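Heads up: the sequence lines are chains G and H, in that order. Taking this note's numbering, the leading residue of the first sequence gets 1, the next gets one more, and so forth. Taking this note's numbering, the leading residue of the second sequence gets 1, the next gets one more, and so forth.
It is worth saying that the hints were derived from the structure and are not from the lab. Among the hints, erroneous ones may be present.
Just so you know, same-sequence chains aren't split out, so a pair can sit in one copy or run between any two.
Straight-line C-alpha distance at most 27 Å; calculated DSS-like pairs for lysine-lysine [to be verified]:
{"hint": "1", "residue 1": "K199", "residue 2": "K358"}
{"hint": "2", "residue 1": "K309", "residue 2": "K20"}
{"hint": "3", "residue 1": "K104", "residue 2": "K70"}
{"hint": "4", "residue 1": "K276", "residue 2": "K359"}
{"hint": "5", "residue 1": "K309", "residue 2": "K224"}
{"hint": "6", "residue 1": "K224", "residue 2": "K165"}
{"hint": "7", "residue 1": "K309", "residue 2": "K245"}
{"hint": "8", "residue 1": "K70", "residue 2": "K199"}
Every value quoted in this text rests on a predicted model; they were computed, and no experiment measured them.
Number of protein chains: 2
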Amino acid sequence: MNNIRTIYWEDNTVVMIDQKALPMEERYLTCSRYEEVIAAIRDMTIRGAPAIGIAAAMGIALGALHLEAKDDRAFRNAFNDICDQFAQARPTARNLFWAIEGMKACFETALTGKTGLKKVGSAQIDSSDVYAAIKQALIEEAIGIGNEDIAANRRIGLHGRFFIKNNDRILTHCNAGALATAGYGTALSVIRAACEEGKTVHVYVDETRPVLQGARLTAWELMKESISATLITDNAAGFLMQQGKIDLVIVGADRIAANGDTANKIGTYSLAVLAKEHGIPFYVAAPLSTFDLSIRQGKDIIIEERDGKEVAEFEGRRIAPYGIDVYNPAFDVTPYRYITAMITDAGIARPPFEENIKKLFPQKTAYDI
Amino acid sequence: MNNIRTIYWEDNTVVMIDQKALPMEERYLTCSRYEEVIAAIRDMTIRGAPAIGIAAAMGIALGALHLEAKDDRAFRNAFNDICDQFAQARPTARNLFWAIEGMKACFETALTGKTGLKKVGSAQIDSSDVYAAIKQALIEEAIGIGNEDIAANRRIGLHGRFFIKNNDRILTHCNAGALATAGYGTALSVIRAACEEGKTVHVYVDETRPVLQGARLTAWELMKESISATLITDNAAGFLMQQGKIDLVIVGADRIAANGDTANKIGTYSLAVLAKEHGIPFYVAAPLSTFDLSIRQGKDIIIEERDGKEVAEFEGRRIAPYGIDVYNPAFDVTPYRYITAMITDAGIARPPFEENIKKLFPQKTAYDI
């Protein structure tokens with residue numbers, strides 16, 4: 001995936017690969033206004049929890065860049081308004097809110113400390129242009145979030161590769177690849193890392209209705225890297241398991257509650273139930289930025305319901321009869337008891353998840369209290 | 001569905017509604033050559049196990065009608081050749097082979113008995129035109145198979161309606177409706193019969209990838225009859241069950257083995273596993289013509305694998321990257337242990353299925369032996 005960049009900052013614009021055009025066309029969208037980034041998140045030009053987070057961070061930096069800051073209060077209000085708009089783009093992916101929190105913290109640190117600042121990020125403070133320095137700090141923070149994501153994903157792969165044996169046949173759902181992140185992927189990072197150490201694998205790719213991220217994106221990523229893959233309908237996954245053709249399942253995540261309940265692309269829960277029925281290990285791969293320890297359990301996770309047209313139409317062509325009611329939840333929640341292990345950038349969490357997830361997070365020491 | 005006829009015989013042609021054009025267009029295909037009927041079965045212009053059986057019966061009658069019969073031997077050979085071509089149209093639906101066997105039996109009875117015949121079907125035997133009388137018998141047999149199917153489906157509904165309570169929320173997969181049969185349907189017959197006796201139901205319709213029979217056909221049938229329905233992706237079925245929104249599942253069948261193992265549209269097995277996990281009853285509705293007592297268990301049922309383009313393309317537009325391997329099994333097998341009861345035209349079979357399915361079939365008496 002070295003020649004593919006999911007999202008990056010360039011010349012004061014946010015550039016992202018248009019995931020709605022893939023795999024037929026490799027086209028990039030350049031956003032010079034933050035509203036365009038919000039629209040791209042909403043319409044899934046960019047999707048995947050970590051990638052959404054990075055898009056929000058860069059989008060917020062882009063929005064801040066063009067703010068006319070009269071005074072601190074006006075600057076903060078305008079900045080927070082931009083953040084609020086991003087928070088409403090999509091509700092389920094934890095990384096979006098994590099990134100917004102990170103950008104807000106960066107903003108507050110820079111603004112609060114501005115009188116004492118000599119340097120914000122790499123910019124020297126010119127006292128007449130302290131707001132410009134804060135804007136620069138936000139840009140660097142957003143770029144940093146993207147770079148950290150790639151590093152975190154590499155660690156996910158390094159930690160998780162041991163779950164894959166030579167000649168394993170792996171099922172994955174949706175796209176938890178480079179395109180869902182700043183690069184390298186989460187679930188696909190584990191597969192990539194196993195391949196990089198010389199293992200041979202075969203990946204069955206669920207097409208993932210309704211938006212077909214499996215057929216469009218995961219199939220494309222795997223072909224690019226010559227990783228052996230077969231595309232199937234979501235309906236065929238159970239049949240393959242029944243026939244003994246799946247050795248393990250690996251998926252990504254959009255938000256993980258404190259007890260390990262995991263929101264991910266609709267259909268993930270069905271796979272988890274099927275995996276359990278067939279005694280097949282079921283792994284979730286996600287960076288710590290996807291965990292939401294403020295949410296105790298999965299039923300408190302907000303599940304986005306998207307436009308029924310995603311189901312009833314295909315590229316503007318109607319499939320279903322006009323007037324039919326459509327229910328289109330974009331995610332479901334897999335209860336922790338179906339999950340064999342979670343593969344994170346900070347290591348592996350196994351059951352009991354509530355306890356072991358906590359251990360992955362940096363602990364406060366006596367000095368912090 | 002009174003104004004919709006799935007398939008019928010008219011003026012020495014076989015007329016069928018084009019199920020590939022639905023729901024956007026109600027268009028009929030008129031076949032004047034048997035090869036067109038085979039093509040229509042293959043390309044799923046007509047589909048659904050019972051409907052495929054009727055199409056084969058009518059197609060065979062159409063083929064026989066145009067045979068030049070020099071003598072008995074040549075007539076039989078040519079007739080059997082047509083039957084063999086139909087047998088190769090699709091492998092899984094039992095009703096196809098059941099219909100072919102019925103047509104062959106009709107042919108043999110008529111041909112073997114021809115010298116003593118005064119009448120074959122409604123046609124008076126003119127000794128100079130005994131083959132014409134046999135052809136007429138085959139046409140009447142095929143029409144009779146269609147009529148019997150409607151009657152059988154009505155009985156399925158009458159037997160099965162008691163499984164549906166007022167205000168039940170029902171999940172169905174693929175299309176086991178009027179369009180899958182000569183009329184009225186199998187799974188949908190049960191729902192129709194419950195509605196006819198005044199029960200209120202809500203039907204969740206799996207879209208049923210890759211051919212989308214749920215979105216295209218079942219949604220259309222239910223809307224036509226004002227039965228409350230919601231279209232979902234196949235991926236959403238487990239999520240709905242988890243939320244307690246499904247009271248029962250009813251599906252049709254393509255072939256049922258002696259032990260009750262049931263081949264049906266790909267994805268059915270996944271639903272059955274999910275239903276079991278949630279303690280939701282799972283019913284199979286099918287006429288006796290779908291049962292294949294010569295097959296002991298499901299693993300001996302041939303599963304049709306169809307063209308990967310059904311998955312990788314949509315109406316000629318490519319979805320997946322060119323070159324990706326696609327596996328596209330059209331059916332799966334649900335082991336009998338996941339099935340709560342089978343609803344047939346001869347009554348209900350409950351576990352133990354092997355024993356109770358046998359009881360549904362007419363028993364040979366001492367006089368038959």
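Status of the hints after comparison with the structure:
no.: 1; hint: K199 to K358; in the structure: neither (32 Å within a copy, 51 Å between copies)
no.: 2; hint: K309 to K20; in the structure: both (15 Å within a copy, 20 Å between copies)
no.: 3; hint: K104 to K70; in the structure: within (19 Å within a copy, 91 Å between copies)
no.: 4; hint: K276 to K359; in the structure: within (26 Å within a copy, 35 Å between copies)
no.: 5; hint: K309 to K224; in the structure: between (30 Å within a copy, 21 Å between copies)
no.: 6; hint: K224 to K165; in the structure: within (22 Å within a copy, 53 Å between copies)
no.: 7; hint: K309 to K245; in the structure: between (34 Å within a copy, 22 Å between copies)
no.: 8; hint: K70 to K199; in the structure: neither (58 Å within a copy, 67 Å between copies)
Checked against the numbered hints above, the structure breaks hints 1 and 8 and satisfies the rest.
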